[in-house]
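**Q** Listed here are the chains, written in short residue letters.
There are 2 protein chains.
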Amino acid sequence: MTEELKTGGQKGYLRIATEEAFATQEQLDAILRLVKEGRADKGTVSLWGFYGTSPSERTTYIRERLLDLGPLRIEAMDAAGIDKAVLALTSPGVQSLHDIEEAKGIASRANDHLAAACEKHPDRFFGMTAICPQDPEWSVTELKRGKEELGFHGVQVNSHTHGHYLDEERFDPILRACAEMDIPLYIHPQGPPDPMIGGMVEAGLEGAIFGFAVETSYHALRLLTTGVFDRYPSLQLALGHGCEGLPFWIDRFDYMFNAGVRSKRYPRLKPLEHGLHHYLRNNVWATNSGLPSPASIKLLIDVMGEDRVMHAMDYPYQYVPDEVRLLDAMDLPAEVMKKFYQSNAERLFKL
Amino acid sequence: MTEELKTGGQKGYLRIATEEAFATQEQLDAILRLVKEGRADKGTVSLWGFYGTSPSERTTYIRERLLDLGPLRIEAMDAAGIDKAVLALTSPGVQSLHDIEEAKGIASRANDHLAAACEKHPDRFFGMTAICPQDPEWSVTELKRGKEELGFHGVQVNSHTHGHYLDEERFDPILRACAEMDIPLYIHPQGPPDPMIGGMVEAGLEGAIFGFAVETSYHALRLLTTGVFDRYPSLQLALGHGCEGLPFWIDRFDYMFNAGVRSKRYPRLKPLEHGLHHYLRNNVWATNSGLPSPASIKLLIDVMGEDRVMHAMDYPYQYVPDEVRLLDAMDLPAEVMKKFYQSNAERLFKL
Chain A
0 MTEELKTGGQ KGYLRIATEE AFATQEQLDA ILRLVKEGRA DKGTVSLWGF YGTSPSERTT
60 YIRERLLDLG PLRIEAMDAA GIDKAVLALT SPGVQSLHDI EEAKGIASRA NDHLAAACEK
120 HPDRFFGMTA ICPQDPEWSV TELKRGKEEL GFHGVQVNSH THGHYLDEER FDPILRACAE
180 MDIPLYIHPQ GPPDPMIGGM VEAGLEGAIF GFAVETSYHA LRLLTTGVFD RYPSLQLALG
240 HGCEGLPFWI DRFDYMFNAG VRSKRYPRLK PLEHGLHHYL RNNVWATNSG LPSPASIKLL
300 IDVMGEDRVM HAMDYPYQYV PDEVRLLDAM DLPAEVMKKF YQSNAERLFK L
Chain B
0 MTEELKTGGQ KGYLRIATEE AFATQEQLDA ILRLVKEGRA DKGTVSLWGF YGTSPSERTT
60 YIRERLLDLG PLRIEAMDAA GIDKAVLALT SPGVQSLHDI EEAKGIASRA NDHLAAACEK
120 HPDRFFGMTA ICPQDPEWSV TELKRGKEEL GFHGVQVNSH THGHYLDEER FDPILRACAE
180 MDIPLYIHPQ GPPDPMIGGM VEAGLEGAIF GFAVETSYHA LRLLTTGVFD RYPSLQLALG
240 HGCEGLPFWI DRFDYMFNAG VRSKRYPRLK PLEHGLHHYL RNNVWATNSG LPSPASIKLL
300 IDVMGEDRVM HAMDYPYQYV PDEVRLLDAM DLPAEVMKKF YQSNAERLFK L
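For the protein sequence lines, the chains are A and B, in the order given.
When the letters of the first sequence are read in order and numbered with numbering that gives the first Met the number 0, they come out as residues 0 to 350.
When the letters of the second sequence are read in order and numbered with numbering that gives the first Met the number 0, they come out as residues 0 to 350.
Treat the hints with caution; some may be incorrect.
Note: identical chains are not told apart, hence a pair may lie in one copy or across any two.
Unchecked claim - Derived pair list, reagent style SDA-like, types lysine to any residue, alpha-carbon separation capped at 20 Å:
#1 LYS41 to GLY198
#2 LYS297 to ASP330
#3 LYS349 to GLU2
#4 LYS146 to ALA114
#5 LYS41 to ASP193
#6 LYS263 to SER53
#7 LYS263 to THR58
#8 LYS41 to PRO194
#9 LYS119 to ASP82
#10 LYS297 to LEU331
#11 LYS5 to HIS120
#12 LYS263 to GLN317
#13 LYS269 to SER53
These are computed hints drawn from the structure, not numbers from a lab.
Turn these sequences into a full structure, and let the hints steer you where they fit.
**A** Given below as structure tokens:
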């Protein structure tokens, strides 16, 4: 009795999936080498020690699917009724690597590889640039190449870079480039850095189940609370996994931020031009990757407005066509459904 | 034009506030001594180094109000239309202390002090027992005394105890006692332990704005994912601050938990008798302390059902009578409003 999912506007909208992952073999090889040499952080050891080597059905499937930018992926998209995928180099990109020349080479070749796939499937695949935040100036050049030569639509940063965050001064050129070149900045999770991971690995909770959201919401909140969007009012930040929970918490963030600023509790926190809600509603976009949850999606729309919440699938990590059926059936007006599945992504990523 | 807030059923329900804090002077003295001696963890140093010593308007007010279990508190409740308050020794209770005999003495005397105040205001104040998880057996005895001799209605644990969590075997007597004596377990935040706090203090984010929720949702998720509620199906866990976000995330928790169990990723995670949604809807209760947010409260009710979501004010940390007006105006049926403000708390805490 299950309805077949089709592309092409079956329900009055195209379905765009905005947080879809691919890998290159040399990326995985480099990360696994770090893991084997004991030079990776605990989050990477857990993530890629598992996905890179486990013989389980899940990991074998995911490895195969990550490396494919061709028929397997198109077939999966067709079967799930996904018209377009916005693709990015899977977490942690090259951000865990220590050899910066190697990291830049891998990111750059991943970008070329992705651009070729997008050229081959111009109606289905849309790329985001991979950068190497370890070298901000190089990353700016690669952002420019990604946008102007490779036709990419955003940049994905996989949260921390060796425990450092984009609000730190060293990364300012990257934020400036995104703002000036009008490149959406998608911050994707990875595990928390070692000084923040505590016993999460032993508890089995440092990954996508929990630690990812801790890490990424922390990153986003660092940006929101330190004036980044006052410096760059046009900067647009996309967050997956239900905007990493930020809209659920925004009233508490705002109350406690203002209480802290008024009492001068933290030297780092200073008055901002706007309340935190303002940035959430003017500089942040949400996707529902990994969270195919009508109640949570409605909260996002309620808090952020219907123009900033987008669909994502998180293929191949969470490829569940039934989730598309569930979301198709959400109790939302037709025009909001079209914004969610199609037009918001078209607007942000200029598809 | 603001409507005066009154107690006594002004809107068709009594208003019960379920996460209200008090302190004793010897508790604050002991914590501040640790801070001064450099023996407190970073979260405690930040929290009580600030609240205990800052001359700001906010902290002066909070210190005075925490120490009062009399007229100031009753007056504040009257002015905010709060009929009843469920009270607990403020975070971190005695859990940061190293001298266990001292800690037990402080907890025990705080319980006596609270019981006396409840006896003086039997229609307004309702207590939760303070325990010292550093000594689980003593805590069991104090739980029994709290329930049977002092007439208390629950127990508040301020999340980790020196970096340890209630799912660890050493604390099993406490969980068993709560289940067997039908004592609701309220897990209240404190800052994350040092191995999990990373750069949060420097970022100004380790406290109520963010780190509290990381710490407490982590604690709750450890309980949910390790069979605690299979061992003790009658155990009832209360979480503040919008159930610390768990209902927003529950689909992702459940998907990733099951994916991890199936692929045997973590030795610690084993199949449970039920999906995680089951425990959320049968063993967990939410309060909206610090989150006076209709959108978030509606999500809680949507996901957990209308019988498990309760009102809280977080006095004196967040004493904002206008929040009561805002929540009075929530677009929810009258019978749901009564459950939220009154009957759910009456049922859980047996008021």
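**Q** Any of the earlier hints contradicted here, and which numbers?
**A** 3
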